[in-house]
Amino acid sequence: MPSLWKKIQNLFQEAERSSPSNPAIHEIIQRSEAEKNDYAQWRQTLVRRRLVDWLSQQYAISRVLPNDIDEGLDFLDTPSSKGFVIHFYKTNYSFRETTHFFDYLKEKVLQLEYWPQISALLISALGILLSKIYCVTPNLITLNSG
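Going by this note's numbering, the sequence shown opens with residue 1, and the numbers climb by one from there.
Please note: incorrect hints may appear among the correct ones.
As the list claims (entries may be wrong) - Simulated pairs of lysine-lysine, DSS-like, Cα-Cα distance not exceeding 30 Å:
no., residue 1, residue 2
1, K108, K36
2, K106, K90
3, K7, K90
4, K82, K36
5, K106, K7
6, K108, K82
7, K108, K90
8, K6, K106
9, K6, K90
Claimed, not checked - For each label pair, taking beta carbons as the anchor points, the in silico distance ranges come out as:
no., residue 1, residue 2, range
10, R31, N67, 33 to 43 Å
11, E33, V109, 15 to 25 Å
12, S80, L46, 32 to 42 Å
13, T78, A40, 27 to 37 Å
14, S32, A60, 33 to 43 Å
15, D53, L112, 39 to 49 Å
16, D53, Q13, 24 to 34 Å
Just so you know, these hints were derived from the structure itself, not from any lab.
Where a beta carbon is used, it is the ideal one built from N, C-alpha and C, also for glycine.
Could you put together the complete structure from these sequences and hints?
And the structure:
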């Protein structure tokens, strides 16, 4: 059975082979009205601010001292893909907070006129959430017309 990291790499390869007419979306994640309202409140909290600051600080550290970043984070830096993996199981954040943080990041990236390519949940045979993945791709139509 392939490792989790291999599965993630395969998802990136699928995204590279995708197109606007053939997206590599694995699951469209829908939020209930209650979840949307909870998220709207969460966006105003110190927890959100601390997560954003932590991610920004860790990225800055990774550019200068890549071996000194927090163990809860890894950065992906290949010629075709840039990104990061947050190992929330190594942090003290709740499932609710991590879900809202992913929604926040997705919202911010989509404001940059990217489109979602992958939105997937990886769940083990025991029903345990292993990973939640969001991948986005620049909207080439917008970039070329601007």
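Task: Hinted pair K106 and K90, Cα distance within 30 Å - done: Holds, at about 22 Å.
- [ ] Would you check the hint for K6 and K106, treating anything up to 30 Å between C-alpha atoms as holding?
- [x] The given pair, whose Cα atoms are some 23 Å apart, holds under the 30 Å limit.
TODO: Check the following: the C-beta atoms of T78 and A40 are separated by a distance inside 27 to 37 Å.
DONE: Given range 27 to 37 Å: holds, Cβ gap about 35 Å.
Open item on the list: Against the 30 Å threshold, does the CA-CA distance of K6 and K90 hold or violate the hint?
Closed with: holds (20 Å)
TODO: Go ahead and decide if the range 32 to 42 Å is satisfied by the Cβ distance of S80 to L46.
DONE: Holds, at about 36 Å.
TODO: Given the hint of 33 to 43 Å, check if R31 and N67 actually sit that far apart at their C-beta atoms.
DONE: holds (37 Å)
TODO: Take a look at whether the Cβ-Cβ distance between E33 and V109 falls inside 15 to 25 Å.
DONE: With a Cβ separation near 23 Å, E33 and V109 satisfy 15 to 25 Å, so the hint holds.
Open item on the list: Given the hint of 39 to 49 Å, is the C-beta distance from D53 to L112 inside that range or not?
Closed with: Violated, at about 20 Å.
Task: Holds or violated: K108 to K82, with C-alpha atoms at most 30 Å apart - done: holds (16 Å)
TODO: Could you grab the alpha-carbon distance between K82 and K36 and see if it respects the 30 Å cut-off?
DONE: Within the cut-off at roughly 28 Å; holds.
Task: Hint check for A60 and S32 - Cβ pair distance inside 33 to 43 Å - done: holds (36 Å)
Task: Pairwise hint evaluation, K36 against K108, where the allowed Cα distance is 30 Å at most - done: holds (16 Å)
Violated hints amount to a single one, hint 15; each of the other numbered hints is respected by the structure.
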